[in-house]
Amino acid sequence: MTRKTFYAILVSTSLIAGCYSGNNIDDRLNTERMKNFTLVASSPRKLITSEAVELYPSQIDRTFGNVSEVFLNRSYIELNTPSHIIIGRVSKMKMSNGYILILDDRISKSAFLFRENGDFLFEVGVQGQGPDEHDELIDIEFRDSRILLMDRGFRVSEYDLNNRFIARSEIPFFSHSMFLFEDGKMAFSNNTTGYGDLNYQIIFLEGPKISDRFLRNEGTAMSKYTSQPLTSNQSVHQDSFLFFQPWGVDIFQMSGDSVELRYKIVSDNQVPTFLLQEGRNLESRQHEYTFLFNWPILESQKHVLFRVLHKGAILTLIHDKSTNKFSGYNGISDDLLYGGVSDFPIYVKDNHFYIPLEVEQLYAVKKELSGVKDKKLLRELKSARPEVFRLLEGVNELSNPIIMKCEIR
Amino acid sequence: MRNSVVKVLLLTLLVSCEHNGGLENKMVDPDYLEELDGLSILDSLTYAFETESLIMSAKIMELSTGLELRLEHLDLENRVIGYISDIQCSTCIDQELELIKEVYGKEEFILFANYSSMRDLKLYLLLRDFEFPTYMIHSTLSNLLTRFTNPTFFILGGGESPRAVFFASISTPNRSREYHELMAHR
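Protein chains in written order, with the numbering used here: chain A, 1 to 409; chain B, 1 to 186.
Chain B extracted, bound-state conformation (with noise of 0.2 Å):
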């Protein structure tokens, strides 16, 4: 299962944007090679991440009530897990928050973010209508997490390590929902 659910995603993508193309159009877009090429660094990214483990001793904050707890003391099982930053494109974000309300019940989804501002972090979700739980983290929970500048999601499933990782792009809305709803129906 390591992986395999957005690797399939990913390959069925793959061939059917090829399998198209190729009835199509012999002309190769020049949207569709940078996709190509896009794609083969997101599984770069998303191997590299799936390697790291997470520390679950990392403080994290609960953003409603501002309580510290560890990531251990989550109840993170069958639960899908977002990351926001403040670095990301809030357009990007905007999307991912409007399909999670979407697609997700309120068991199933948890929002890890890391916002210099935890003002501006509560009035963003305020904004949005946004009531999963929300946690605010930092690089000692996952150095490389917080690096990402795209919203991340993925599962821990039991284990530290995380599993079918996604990064959103606003320029492809149909794969967030298709990812979203792919996990959420698991």
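Just chain A, same shape as in the assembly (with noise of 0.2 Å):
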């Protein structure tokens, strides 16, 4: 064994150790905080596989796709903002009653409220500790007319129009992704471990009652690894989401009363109960196995988009309901905006998808094309493409992000 294996090994040794340590550190947290609800039997749902599609990826051809043929429509989103307010990523977004909520859980780590042109109105609450306050920001989600905010620290901040702090609500465990139905009851995807018989990966909560639960896990070690996000698009799903299990190969639109299977990917190489129980193997095998990738699921009135990691390979799919088929994708290449778009829809709303273009990329384009001094060749490649350089006037080093909205072909 050379010396840098053997740093190799011990690296990944402590990375591993680490990871267990915090997960059984978080496990006795949960179990104190469980402390506060009750859990409630949870009552049967119907299962719907009536009308599940399935799914064979290897039978389906991949393409690199071109960002001028794939997404149609084109319009763009510019945040604007007062100048001490600044933007780095849009991690996750919501729209709602002409306003957008943006989430960015790195740079600024803070949710921010604007209208649907674009236009800022506030920076949702304020980070900290206090009572009032929320820090380290999970998901986001619009409720009425109000603003959820969840955080790490196990709570739900509520938030009016004006900004106002309304209420503040607990959950029992840590999770990443929310769904809030109209009737009050929330979900939440859960990846909690250790607390016997509560490892599964949807949780309802009304109040202090942990109601009703679905799918609970085959081994406690596939918990930890949830992290998939609840999505929904009123206009399709009414009041009900979509969610799939880590390492999963279903896709479900779950309501208050019904759980529907709406796909299936068949495969002979799904990820073994015995891998899910060990867990620790999990990621290191993961490029053996075919399961749904850790990707919003977006669907339309028209289309499904989702991603699947098959043989090694992350392929986003795109299934068109109304002929039935499916686009497989190994990536996509902005043939538009020179890299702008580099990666596929993180948000849909009625029939439009929603992609945060690359800002840093923009602005390199921006800054190349300043040194062209071929006049005529910056004519043509203007005329060729003028959104791309109506987009790259308002463009500079640390630009808020831009939105690009678009349709799916």
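None of these hints come from the bench; they were simulated from the model.
Hints should not be assumed to be uniformly reliable.
[Said to hold, decoys possible] Taking lysine to any residue pairs in the SDA-like style, the calculated list, with each CA pair at most 25 Å apart, reads:
{"#": "1", "chain 1": "A", "residue 1": "K94", "chain 2": "A", "residue 2": "S399"}
{"#": "2", "chain 1": "B", "residue 1": "K106", "chain 2": "B", "residue 2": "E131"}
{"#": "3", "chain 1": "A", "residue 1": "K94", "chain 2": "A", "residue 2": "E158"}
{"#": "4", "chain 1": "A", "residue 1": "K94", "chain 2": "B", "residue 2": "M61"}
{"#": "5", "chain 1": "A", "residue 1": "K366", "chain 2": "B", "residue 2": "S90"}
{"#": "6", "chain 1": "A", "residue 1": "K366", "chain 2": "B", "residue 2": "M61"}
{"#": "7", "chain 1": "B", "residue 1": "K101", "chain 2": "A", "residue 2": "Q127"}
{"#": "8", "chain 1": "A", "residue 1": "K366", "chain 2": "B", "residue 2": "I110"}
{"#": "9", "chain 1": "A", "residue 1": "K367", "chain 2": "B", "residue 2": "L126"}
{"#": "10", "chain 1": "A", "residue 1": "K366", "chain 2": "B", "residue 2": "E52"}
{"#": "11", "chain 1": "A", "residue 1": "K94", "chain 2": "A", "residue 2": "E78"}
{"#": "12", "chain 1": "A", "residue 1": "K367", "chain 2": "B", "residue 2": "I110"}
{"#": "13", "chain 1": "B", "residue 1": "K101", "chain 2": "A", "residue 2": "S235"}
{"#": "14", "chain 1": "A", "residue 1": "K405", "chain 2": "B", "residue 2": "D120"}
{"#": "15", "chain 1": "A", "residue 1": "K367", "chain 2": "B", "residue 2": "S117"}
{"#": "16", "chain 1": "B", "residue 1": "K101", "chain 2": "A", "residue 2": "V126"}
{"#": "17", "chain 1": "A", "residue 1": "K366", "chain 2": "B", "residue 2": "G66"}
{"#": "18", "chain 1": "A", "residue 1": "K405", "chain 2": "A", "residue 2": "H237"}
{"#": "19", "chain 1": "A", "residue 1": "K311", "chain 2": "A", "residue 2": "N294"}
{"#": "20", "chain 1": "A", "residue 1": "K366", "chain 2": "B", "residue 2": "I170"}
{"#": "21", "chain 1": "B", "residue 1": "K59", "chain 2": "A", "residue 2": "Y363"}
{"#": "22", "chain 1": "A", "residue 1": "K264", "chain 2": "A", "residue 2": "E283"}
{"#": "23", "chain 1": "A", "residue 1": "K367", "chain 2": "B", "residue 2": "S64"}
{"#": "24", "chain 1": "B", "residue 1": "K59", "chain 2": "B", "residue 2": "I110"}
{"#": "25", "chain 1": "A", "residue 1": "K367", "chain 2": "B", "residue 2": "R147"}
{"#": "26", "chain 1": "A", "residue 1": "K209", "chain 2": "A", "residue 2": "E283"}
{"#": "27", "chain 1": "A", "residue 1": "K367", "chain 2": "B", "residue 2": "E68"}
{"#": "28", "chain 1": "B", "residue 1": "K59", "chain 2": "B", "residue 2": "R147"}
{"#": "29", "chain 1": "A", "residue 1": "K367", "chain 2": "B", "residue 2": "I170"}
{"#": "30", "chain 1": "A", "residue 1": "K321", "chain 2": "A", "residue 2": "G207"}
{"#": "31", "chain 1": "A", "residue 1": "K46", "chain 2": "A", "residue 2": "H237"}
{"#": "32", "chain 1": "B", "residue 1": "K101", "chain 2": "A", "residue 2": "E136"}
{"#": "33", "chain 1": "A", "residue 1": "K94", "chain 2": "A", "residue 2": "V126"}
{"#": "34", "chain 1": "A", "residue 1": "K366", "chain 2": "B", "residue 2": "T65"}
{"#": "35", "chain 1": "B", "residue 1": "K101", "chain 2": "B", "residue 2": "I170"}
{"#": "36", "chain 1": "A", "residue 1": "K366", "chain 2": "A", "residue 2": "E393"}
{"#": "37", "chain 1": "B", "residue 1": "K106", "chain 2": "B", "residue 2": "H138"}
{"#": "38", "chain 1": "A", "residue 1": "K366", "chain 2": "A", "residue 2": "I86"}
It should be emphasised that the depicted structure is a prediction, and the values quoted were computed from it without experimental measurement.
Put the complex together from the two separate chains, hints included.
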């Protein structure tokens, strides 16, 4: 064994040990927190499987998609903020009643409210440890005319559209994603471990009552990796949401009283149960299996977009519901903005999909174009890609993200 | 002196924890056992890093100017070096940046950063009013350093091998403070 290999093993060991150590501490915290909640027997849910669409990844042709061909009717939302407000990344976004709510969970670690045209309204709430403050945001949501922020402190804070703090609810588990039913119940994806009966992916919460749970884990280790977002497009799903189990092959739509299996990936190399139970080798062996990859499932009236890891490759799939055909993409190539679009959409509302653009890449393009001295060439470029040049006008090194709104072909 | 500062610090902490635990409670706190495990791993990592030389000819980029230079051109003597990256927990980084601003003078500390986006790094530091000299580095400087998933601190002190290595953790802010204060007043 070389010295470098030895060190690499040491680093890996420490990472694993670090993760497990952290989880164990979380488990105890969760157990303590559970004392404030009451487990209520779950009601049986009707599971509908008759309409499920089967998908065979190995039979799908893949291509590298071009932005200009895949994303049509493009328009752009520039997020205009005062100079002291800086948005690093759009990690999540939600839209409702003419508003856009943006979460930047990495750079500014805050949530921001905009009008639908990109005009800034306010940074939601105040960051901090105080009773009316939020700390380390994880998820955002609208409910009626209220804004909800979920943070790492096991709290969901509510604000009104004037940025007034309204209320705070405690949640029992660490969660990455929430959904709010019209009757006030909340659903959370849950990655709790080590609390006996509570290794479920979806938790319903009604005040202090944990009422309905669904999909018990096959192995407790599996829940350590739950981070799948619960997604919903109200015009398509009404009062329900889409989700999938970590390392799973099924996409479900869950309402208050039923669960519908929408998609089933048919593959002979699903993640085996023993590996889910064992847990720790999952990540290192993930390339051997086929499963739904961690990406929001986005459904419009016409399309469903989701992502699969298949034989070591990440495959983005778009299902055309009218023709029942799947398009498979190994990636997306930005033939329009020279790199401004680096990935598929992260959000859908009605029939429109939304993609945050890479401002850094746009700025690099702007700098490069500013060095072009051939005026004729510049004129040709400008007339060939007028939308790019319009966008570039407002871009600088530290500009806020720009969101591309589009439809899918 | 090699590694002694950190080791003395860790040993003191261990002895102190054990002493207090023994007086108050014969039951072994599981958190304490986890911490012991963590410390022994960190000690191994420290040893590994201290026996690896940094590549002094590696190119680095000054964040504020975008200028490229080589590590050997920096005056690193008497400065504590911090390392952060975008694969590290950002809460851990926030904790350390606040401590650095509080404890060190402008001439006492420099930051190495390995971020895939220079814009993200600039915004991150701007929003936190972090004004210490910062350099973008890559794995060519140290393959091991750029794999560390915790903010890491060390000194070079004239040589190429890191010394007084410290791995910061969000769960032990007091240990971070002790380290930085010790290094600032060494």
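Right, here's what the structure says about each hint:
1. A:K94 <-> A:S399: Cα-Cα ~21 Å, so holds.
2. B:K106 <-> B:E131: 8 Å, holds
3. A:K94 <-> A:E158: Distance ~15 Å between A:K94 and A:E158 Cα, so the pair holds.
4. A:K94 <-> B:M61: Judged against 25 Å, a Cα distance of about 37 Å means the pair is violated.
5. A:K366 <-> B:S90: 30 Å, violated
6. A:K366 <-> B:M61: Cα-Cα ~21 Å, so holds.
7. B:K101 <-> A:Q127: Roughly 19 Å separates the two Cα atoms, so the pair holds.
8. A:K366 <-> B:I110: Distance ~31 Å between A:K366 and B:I110 Cα, so the pair is violated.
9. A:K367 <-> B:L126: The given pair, whose Cα atoms are some 22 Å apart, holds under the 25 Å limit.
10. A:K366 <-> B:E52: Not satisfied, since the Cα-Cα distance of roughly 41 Å exceeds 25 Å.
11. A:K94 <-> A:E78: Holds. A:K94 to A:E78 sits at ~16 Å (cutoff 25 Å).
12. A:K367 <-> B:I110: 29 Å, violated
13. B:K101 <-> A:S235: 49 Å, violated
14. A:K405 <-> B:D120: 23 Å, holds
15. A:K367 <-> B:S117: Holds. A:K367 to B:S117 sits at ~16 Å (cutoff 25 Å).
16. B:K101 <-> A:V126: 22 Å, holds
17. A:K366 <-> B:G66: 17 Å, holds
18. A:K405 <-> A:H237: 20 Å, holds
19. A:K311 <-> A:N294: 16 Å, holds
20. A:K366 <-> B:I170: 39 Å, violated
21. B:K59 <-> A:Y363: 24 Å, holds
22. A:K264 <-> A:E283: Holds - the C-alpha atoms of A:E283 and A:K264 are around 22 Å apart, at most 25 Å.
23. A:K367 <-> B:S64: 17 Å, holds
24. B:K59 <-> B:I110: Since the Cα atoms of B:K59 and B:I110 sit roughly 16 Å apart, the hinted pair holds (cutoff 25 Å).
25. A:K367 <-> B:R147: 32 Å, violated
26. A:K209 <-> A:E283: 34 Å, violated
27. A:K367 <-> B:E68: 18 Å, holds
28. B:K59 <-> B:R147: Cα-Cα ~18 Å, so holds.
29. A:K367 <-> B:I170: Answer violated: A:K367 to B:I170 is near 39 Å, above 25 Å.
30. A:K321 <-> A:G207: Violated, at roughly 38 Å.
31. A:K46 <-> A:H237: Judged against 25 Å, a Cα distance of about 17 Å means the pair holds.
32. B:K101 <-> A:E136: Holds: B:K101 and A:E136 sit about 21 Å apart, inside 25 Å.
33. A:K94 <-> A:V126: With Cα atoms ~19 Å apart, A:K94 and A:V126 stay inside 25 Å; holds.
34. A:K366 <-> B:T65: Since the Cα atoms of A:K366 and B:T65 sit roughly 18 Å apart, the hinted pair holds (cutoff 25 Å).
35. B:K101 <-> B:I170: It holds: about 17 Å lies between the C-alpha atoms, which stays within 25 Å.
36. A:K366 <-> A:E393: OK: A:K366 and A:E393 at ~8 Å, within 25 Å.
37. B:K106 <-> B:H138: 24 Å, holds
38. A:K366 <-> A:I86: With a Cα-Cα distance of about 20 Å, the restraint between A:K366 and A:I86 holds, given a limit of 25 Å.
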